[in-house]
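Count the sequence shown with the numbering used here and you get residues 638 to 815, in order.
Treat the hints as calculated values from the structure; they're not laboratory data.
Remember, predicted model here, so these are calculated numbers, not experimental data.
Careful, some of the hints might be misleading.
To be verified - With beta-carbon atoms standing in for the labels, derived distance ranges:
hint: 1; residue 1: Met658; residue 2: Ile744; range: 18 to 28 angstroms
hint: 2; residue 1: Asn780; residue 2: Glu648; range: 39 to 49 angstroms
hint: 3; residue 1: Pro775; residue 2: Ser666; range: 41 to 51 angstroms
hint: 4; residue 1: Glu655; residue 2: Tyr687; range: 41 to 51 angstroms
hint: 5; residue 1: Gly709; residue 2: Ile664; range: 35 to 45 angstroms
hint: 6; residue 1: Tyr704; residue 2: Thr773; range: 25 to 35 angstroms
hint: 7; residue 1: Lys646; residue 2: Cys764; range: 16 to 26 angstroms
hint: 8; residue 1: Asn695; residue 2: Gly760; range: 37 to 47 angstroms
hint: 9; residue 1: Pro775; residue 2: Glu694; range: 23 to 33 angstroms
hint: 10; residue 1: Glu698; residue 2: Tyr743; range: 25 to 35 angstroms
hint: 11; residue 1: Ala748; residue 2: Ile664; range: 33 to 43 angstroms
Unchecked claim - Straight-line Cα separation of at most 27 angstroms, BS3-like style, residue types lysine-lysine; simulated pairs:
hint: 12; residue 1: Lys689; residue 2: Lys767
hint: 13; residue 1: Lys784; residue 2: Lys765
hint: 14; residue 1: Lys711; residue 2: Lys784
hint: 15; residue 1: Lys711; residue 2: Lys689
hint: 16; residue 1: Lys784; residue 2: Lys702
hint: 17; residue 1: Lys711; residue 2: Lys767
hint: 18; residue 1: Lys765; residue 2: Lys711
hint: 19; residue 1: Lys646; residue 2: Lys702
hint: 20; residue 1: Lys646; residue 2: Lys689
Glycine residues also receive a C-beta, built at the ideal position from the N, C-alpha and C atoms.
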Amino acid sequence: MLYGTIDYKDEKYIYRLEDDMLYMEEIESLGKGWMVSGWLSNPPNFEDDYLKGINAENGNEVLFKTYPGNAGVKNTQIRIRVQYYIEFQKNATISKLSFMGDEINYIYNIAQGIESYGFTEEGTASCKTKSFEETTSPTEYFNVENKEVGIYFAIYRGINFQSCHPLNLYGVSQKMGW
638 MLYGTIDYKD EKYIYRLEDD MLYMEEIESL GKGWMVSGWL SNPPNFEDDY LKGINAENGN
698 EVLFKTYPGN AGVKNTQIRI RVQYYIEFQK NATISKLSFM GDEINYIYNI AQGIESYGFT
758 EEGTASCKTK SFEETTSPTE YFNVENKEVG IYFAIYRGIN FQSCHPLNLY GVSQKMGW
């Protein structure tokens with residue numbers, strides 16, 4: 638999960654990114670009610686391709702590539718689907734770019750992250766995943782414009798306490814060193 642602040646349309650928001658959903662809440666409205674007045678008759682519309690924010694953990698700038706026009710509202714939160722994000726690191730000699738998405742599964746199959754699973758007649762299910770080290774590919778190096786770039790794939794795991802999707806596995810591609 639990624640969290641921090643975003644400036645959008647002259648307002649400051651806090652955000653958190655869970656899977657491919659960006660949740661934004663206006664800082665000035667925090668704790669002042671359960672619904673933003675005016676949103677029932679005129680809900681906010683998101684028309685931009687990108688959002689720019691700050692990662693609260695390390696102060697790095699984050700650029701979110703969004704699905705324009707695909708925003709929802711729940712109570713005091715704006716929800717926007719994100720295609721991917723890029724986190725810019727302040728040290729110019731080392732940078733990292735992470736992609737999460739279903740498409741990566743065609744390149745690096747997430748099924749290899751499951752060690753075993755089982756179902757019983759009583760209705761219980763179990764799933765054991767392999768360690769992060771076991772599911773990370775070896776780094777491959779390429780030269781791009783006379784700079785060495787390393788790429789590896791890893792499988793991210795997340796537990797979700799919703800009944801339909803209790804375990805999430807995502808393929809993650811990492812590019813480092815440009």
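Do the hints match the structure? See the list:
Checked against the hint of 18 to 28 angstroms, the pair Met658 and Ile744 passes, with Cβ atoms roughly 23 angstroms apart. At about 44 angstroms, the beta-carbon gap between Asn780 and Glu648 stays in the expected band of 39 to 49 angstroms. Distance hint check: the CB atoms of Pro775 and Ser666 are about 48 angstroms apart, consistent with the given range 41 to 51 angstroms. Taken as a hint, the range 41 to 51 angstroms is violated for the pair Glu655 and Tyr687, whose Cβ atoms sit roughly 19 angstroms apart.
Between Gly709 and Ile664 the beta carbons are some 20 angstroms apart, a value that contradicts the proposed interval 35 to 45 angstroms. In this structure the supplied range 25 to 35 angstroms holds for Tyr704 paired with Thr773, their Cβ-Cβ distance being about 29 angstroms. Between Lys646 and Cys764 the beta carbons are some 42 angstroms apart, a value that contradicts the proposed interval 16 to 26 angstroms. A C-beta distance of roughly 43 angstroms is found between Asn695 and Gly760, which places it inside the suggested range of 37 to 47 angstroms.
Taken as a hint, the range 23 to 33 angstroms holds for the pair Pro775 and Glu694, whose Cβ atoms sit roughly 28 angstroms apart. Checked against the hint of 25 to 35 angstroms, the C-beta distance between Glu698 and Tyr743 comes to roughly 30 angstroms, which is consistent with it. Taking 33 to 43 angstroms as the suggested C-beta distance range, the pair Ala748 and Ile664 conforms, at roughly 41 angstroms. A distance of roughly 34 angstroms separates the Cα atoms of Lys689 and Lys767; the hinted pair therefore is violated under the 27 angstroms criterion.
The hinted pair formed by Lys784 and Lys765 fails the criterion: a straight-line CA distance of about 39 angstroms is larger than 27 angstroms. Simply put, Lys711 and Lys784 have alpha-carbon atoms about 45 angstroms apart, too far for the 27 angstroms limit, and the pair is violated. Proposed proximity of Lys711 and Lys689 is supported: the alpha carbons are some 22 angstroms apart, at most 27 angstroms. Between Lys784 and Lys702 the CA atoms are separated by roughly 26 angstroms; this keeps the pair inside 27 angstroms, and the hint holds.
A C-alpha spacing of about 36 angstroms is found between Lys711 and Lys767, which places the hinted pair above 27 angstroms, so the restraint is violated. Our distance criterion of 27 angstroms between C-alpha atoms is broken by Lys765 and Lys711, whose separation comes to about 34 angstroms. For the proposed pair Lys646 and Lys702, the alpha carbon gap of about 17 angstroms is at most 27 angstroms, so the pair holds. With a C-alpha separation of about 12 angstroms, the suggested pairing of Lys646 with Lys689 holds against the 27 angstroms cut-off.
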